[in-house]
Amino acid sequence: MEFLGSASDALCIAQARRRQVYDDNSMYKSKNLHAERRRRQKLGDRLLALRSLMNKATIVEDAITYIQMLQRNVKVLSDQLLEIDSLSVEEDEKPTRDEINASEQMKKYGIKEDVKVTGIDGNKLWIRVVFEKKRGGIAKFLEALTSLGFELTDANVATSKGAILVSSCFKGIYGNALGVEQTKKLLQEIIRNM
Amino acid sequence: MYEEPGCFDPNNSMAEGVYSGFPQAMANNQKQFEENLELSAEELSYHHHNHQEDTSVSAMELELQKYLSFNVENCDNNTYRSHMMQQVVDDRNQLLSYDHSNWNTGDIGFNQDDPQQNGHRSFNINSLPQTPDLLNLFQLPRCSLLPNSSISFTNSNHDTTPLGFIEDLPASDNTSVLYDPLFHLNLSPQPPLFRELLPSIPHGYNLPTSRGDANSLFGDERDSNGVKAYQDEDGGMLEFTRDMACIVRGSGNGKKKKPFTTERQRREHFNKKYTALRNLLPNPSKIDRASIVGDAIEYTKELLRTVNELKLLVERKRCGRERIKRHKTEDDAVGDVEQSYNGSLRSSWLQRKSKDTEVDVRIIDDEVTIKLVQRKKIDCLLFVSKVLDELQLDPHHVAGGHIGDYYSYLFNTKIYEGSSVYAGAIANKIIEVMDTEYAATPPTATSI
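Going down the list, the sequences are from chains A and B. Our numbering numbers the first residue of the first sequence as 1 and each following residue consecutively. Our numbering numbers the first residue of the second sequence as 1 and each following residue consecutively.
Don't read these hints as lab results, they were simulated from the structure. As the structure is a prediction and not an experimental result, all values here were calculated from the model. Treat each hint with caution, since some may be false.
Said to hold, decoys possible - Below are the BS3-like pairs computed for lysine-lysine, each with C-alpha atoms no more than 30 Å apart in a straight line:
(1) A:Lys-184 - B:Lys-273
(2) A:Lys-171 - B:Lys-317
(3) B:Lys-377 - A:Lys-75
(4) A:Lys-134 - B:Lys-317
(5) A:Lys-185 - A:Lys-112
(6) B:Lys-429 - A:Lys-112
(7) A:Lys-42 - B:Lys-301
(8) A:Lys-112 - A:Lys-56
(9) B:Lys-273 - A:Lys-171
(10) B:Lys-371 - B:Lys-301
(11) B:Lys-325 - A:Lys-140
(12) B:Lys-377 - A:Lys-185
(13) B:Lys-355 - B:Lys-286
(14) A:Lys-184 - A:Lys-112
(15) B:Lys-386 - A:Lys-116
(16) A:Lys-140 - B:Lys-353
(17) A:Lys-75 - B:Lys-311
(18) B:Lys-377 - B:Lys-311
(19) A:Lys-134 - B:Lys-273
(20) B:Lys-414 - A:Lys-56
(21) A:Lys-140 - B:Lys-273
(22) A:Lys-140 - B:Lys-311
(23) B:Lys-301 - A:Lys-161
(24) A:Lys-75 - B:Lys-353
(25) A:Lys-56 - B:Lys-371
(26) B:Lys-355 - A:Lys-29
(27) A:Lys-116 - B:Lys-301
(28) A:Lys-116 - A:Lys-29
(29) B:Lys-286 - B:Lys-272
(30) A:Lys-124 - B:Lys-301
(31) B:Lys-371 - A:Lys-75
(32) B:Lys-414 - A:Lys-134
(33) A:Lys-112 - A:Lys-134
(34) B:Lys-272 - B:Lys-325
(35) B:Lys-429 - B:Lys-353
(36) A:Lys-108 - B:Lys-353
(37) A:Lys-171 - B:Lys-355
What the hints assert, rightly or not - Calculated Cβ distances over 10 Å to all of chain B for the following chain A residues:
(38) Gln-41
(39) Val-60
(40) Ile-67
Cβ coordinates follow ideal geometry from the N, Cα and C atoms, glycine included.
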C-alpha cells in the first residue's frame, strides 16, 4: 500500500511540476498533493479493514476463485503467444548468424579443439575437452557419450569466444572402464563427428 | 420472566409530553422505582460477583447511579413499550446495544438518547443466574469487534408480548437482532449445557462439541420457541463463535439460511475447500492448513509474475511483427531488425517441486538461470541439455555434480532471439522430463 502510495505520489509530483508552468501557485499543488495522498490512504485503510472482516470461508473461496482466474489468464496469454509464434516463421535466419560467428571467433582467438584425459583415483578419469560451439552442441556431445556407455559426473561446462570447454570426471555407466589413451581417442572421434 | 421495562428519555420531546402527564405518578412511583433500582443494583452486583471483569460491574453501577438521579419513571407497559420501540426505530444509529434482562424484581431498560453525550454505551445486564459466565466469555470478543454503529437487540426468551414487540420491528432490525451474541445467551433454555460447551471454545474456532450436544441444544431452542426469528440464529450463532471477525452478515450472507445442521458438516465443507485450494497448487507439500495457505500465497504471487511476463512477451511479439510487416510493405532495406523492447526489463522467476526434483527458473531479460536439484540418479545433464535445445535456450555455462544424496546443477543460458519462451514453460517442461525419464530408467541401471 505504501509502495503504491509513494509511486503515485511520485507521479503526482511529476505532474505537478509540469503544471507549474501554467500555474505559479505552488501552494495549491502541495495542498492538492496532501489531499490526494490522504484520500488514497483512507481508501487503502478501508480496503484493509474490509479484508480483515472477511471470514475464513470466504477467504479460502476467494483465493480459489482468484487463483483459477489467474490460471485462466495465463493460459489465454500463452495461447496468444503460441499463436503469434506460429504465425511468424521468418525468424529462423537470425540464430545462424551467431553460429557463423562461432567458428570465426575460434579462429580469431586461436582456440583449437583439444582433448585431455588424465586418470585419477583408480577407475576415474578426468577429461578436458574443447570444441566448437554449435547449436545444441553440448547435448550432442553428451548424447554421444551416453550412447557409448559413459557419463560425466561433477561436470563444468563453460562457453567463451565461440568455443565450449568441458571439464569433468568421466566414468562408465555400467562399470566399464577405458584406459587413458583409449578415452582420448574416443573423445577426439566424437568431436570430429559433431 | 419479563417485567415491565422502565424507560426514560429526558431529552426527547415525546417523553416530555408523556412525562408532563404523569407528574403525580412520577412522584409516587419514583420512590418505588428507586427501590427497585437499588434492588436490581444489588442483584447486579450479586450476579457479577463471579465475574472476572469488575470494571464492567463498576461501570454499570455508576451508570445506574447516574440514571437514578434523573426523573426515571416507571410507567405503563404499553405506552412505554411502544414508545421505546419508536425510540429504537428512530434513533437506531445512536444506540449501541441494550438488554432486556430477566430480572426477578426490577427491570431496567435504558434507552439512551442523549445528544449531549455522544458516546456509545453498552449495557450488558444479565440476570440469568447461570449465564453470567457465558456473558463474560462472550463479552471479550464482542467488545473488540463490535463496530460503532451496529444495533443489537437482545431479547429474552419469551412468548409473551415483548417478543411480539420484537417481531414488529422492521425486517432490517430483525436481521441485526439475529446476529447479536447476547441474543443467544438469553435464549438458551439449557444454560448449564451451554456453559459446558463454551469454555472449550478456543478463540474464534469451531465449537468442538459433539454432534449430539449441538443438535440437542439448538434443537431444543428451536422447539421451545415458536418465533421464527430464532431459526436463523442457529447458523448465525455458530458462525459467530467460529468466525469472530465476521460481524455484519445480515443480508450479505451468500449461503442459505441454514447451511449446516451439524458441526461436522461445516468442518467437512471447510476441509473440502482447503483441499480444493490445495489441488490448484503446483507444489503441494504438506496437508496442514497453514502450509496450504502459505503455498497458495506463493503460487498467487508466481501467477501474477507469470501473467506480467506473458503480457510483456505478447506485447513485444506484436511490436516485432508489426515492424516486420511494415518493413515488408515499405520495401525498406533496413539493416538489422531490432526487436522493439518496450523499455521494461522482463524478469520473472518461479520454482517447481516434484517428488524427486526441484527446479528454480529465473529470467532476466534474455538470460535464464536454471537451478536443478535431483534426488535420484538420472543423467540430468543429458536430458536437461536436450530440453534446453527444445526450448531454444543456449547454455552458456553449466556446473554441478554430486552432493550427498542429490545431484545439483546450475545452468546459465541465453534465450535465442525470437524465441518467446517463458519461465513457467521452462520449469514445467524440465520437471516433466525429469519425472518421465526417471520413471523410464530401470532401477538396475543405477550404479555408483
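- Against the structure shown, which of the earlier numbered hints fail to hold, in ascending order? 1, 2, 3, 6, 8, 9, 11, 18, 19, 20, 21, 22, 23, 25, 26, 27, 28, 30, 34, 36, 39 and 40
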